[in-house]
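S.K.: Whenever a hint applies, use it, and build me the whole structure from the sequences.
Sequences listed follow chains A and D, in order. One point on numbering: in this note's numbering, the residue at position 181 of the first sequence is 181, and numbering is uninterrupted. Offset between the second sequence (1-based) and this note's numbering: plus 193.
Mixed in with the good hints, there may be bad ones.
As the list claims (entries may be wrong) - To give a feel for the contact side, a few chain A residues facing chain D, derived at Cβ under 10 Å:
| id | residue |
| --- | --- |
| 1 | Arg24 |
| 2 | Tyr70 |
| 3 | Leu133 |
| 4 | Arg145 |
| 5 | Thr157 |
| 6 | Ala163 |
| 7 | Gly166 |
| 8 | Leu184 |
Claimed, not checked - The following residues of chain A were derived to be distant from chain D, with all beta-carbon distances above 10 Å:
| id | residue |
| --- | --- |
| 9 | Glu50 |
| 10 | Met56 |
| 11 | Gly141 |
Think of the hints as simulated: they come from the structure by calculation, not from any bench. Think of the CB as a built atom: it goes at the ideal place given N, C-alpha and C, for glycine as much as any other residue.
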Amino acid sequence: MNWLLTFVDFSLPMVKNEALLQERLREGDKKALGQLYSDYKAAFLAYFRERVAVGMDIEDLYQDSVIAVYQNYVLNQLQLKKGSVKTYLFAVGKNKLAAKFNASKPYVKEDFLLSQPYVEMDEDQMPMEQQLLLKEFKQLGEKCREMLRLHYYRGLTDKEIVAKTGYKDENTIKSYRSRCLKKLKEAIHGSGK
Amino acid sequence: MEAESDIILFRKKVLGQLSNDEAQAFEQRFETDMEFQKSYLEYKELFEVISVSEKQELKNHLKTVSEPSAKKYQYWLPIAATILLLVGAFWMYRFNAQPQGLCETYFDTYPNVIAPATRGSEPQNVLEKAYRNYDSGAFEKAALEFEKYLQYQANSDVSFYHAMALLNAGRLGEAKTILESLPKDDPDFAFADETQWYLALIYIKLENTTQAKSLLFQLETEGNGFKADEIKSLLSELD
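M.R.: Below is the structure:
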């Protein structure tokens with residue numbers, strides 16, 4: 001009865017070690033994202049404030065870097081061969097900075113560059129039709145959004161989605177996703193009229 | 194609908210993970226197979242849309258994450274730690290006194306009656322894994338898996354086991370919140386009496402004897418006989 005030994009604990013569970021943190025990041029765990037964000041914020045801001053011209057929004061750089069790291073764990077199922085999450089986060093920050101100032105040569109090692117996240121697109125870089133699609137996607141019900149997210153964004157197979165969600169079987173997943181896509185297309189068609 | 198192998202190709206392509214040979218074959222097929230081209234463009238468009246939407250959601254989410262404490266306050270940390278230790282020691286002393294010791298006496302791990310493990314069979318999904326870990330005493334892992342399952346669909350029975358896993362892992366506060374949110378009169382919920390019983394034990398641990406007694410009285414009069422003897426003797430000890 002190990003719970004008897006503990007003091008009453010109302011706090012959120014924290015990810016205790018680096019390996020577990022990385023595993024949870026790969027799984028897209030938002031608590032792990034929160035921990036990543038809180039743990040390295042002070043160090044990141046201090047490091048970059050010393051090196052970057054006054055007037056640049058370092059907090060914004062930090063937020064973008066944390067999201068890029070997180071998305072890279074989720075999308076590429078990143079496995080760091082060496083170095084820690086913190087080193088990687090700082091490397092991403094430096095790369096973003098280099099890109100911002102149009103530096104011809106990024107600061108960081110190649111193995112970090114290879115695992116740069118794909119998605120660096122923002123809404124204002126999208127063509128109008130895609131912006132409309134984004135708008136309609138956000139209007140979909142939560143279950144539909146989640147179903148499309150698991151397939152297109154997380155890249156899970158239907159079998160994996162069954163295991164994760166408890167839907168009956170792969171056919172149920174397929175037909176539900178089709179219905180969601182149909183709904184999305186109808187919405188775009190409707191707003192295009 | 195596209196074949197699974199095509200979807201794997203689409204995924205690699207949008208993530209820039211195709212090998213040289215694969216990229217060449219992809220381009221060739223993209224030029225000649227109109228169906229393939231159409232499917233890929235749709236996949237790519239949705240991938241980008243959902244990625245951007247995700248990025249926007251993550252930005253909003255980060256706004257809710259608490260700020261780490263600033264450096265200048267670190268001076269107070271040793272003092273704060275000492276105060277916390279003293280308060281902690283005081284509370285540990287209180288918890289070891291009666292009646293809090295009662296809940297240790299009466300606590301036992303609730304058995305998994307939903308999905309008992311079948312020898313040799315591998316768990317097929319996250320829920321089976323959760324129950325398997327619960328059975329083997331890996332309560333932290335089980336709690337995480339129950340939580341994952343519940344993200345996608347609400348289920349009071351599963352929530353009850355989620356709370357049990359948390360309770361066994363020592364996370365009383367979280368277990369209490371879940372147990373308090375479970376239905377009392379839903380005929381489809383199989384663990385209403387059990388929920389009351391474990392909540393009563395938590396209240397005792399938290400020194401809320403009045404609320405614990407009220408739950409136990411209710412269980413004694415309206416319950417279905419679950420822990421009837423224990424309820425009687427616990428009530429007499431609380432008086």
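S.K.: List in ascending order the numbers of the hints, as given earlier, that are violated by the structure.
M.R.: Hints that this structure does not satisfy do not exist here, as all of them hold.
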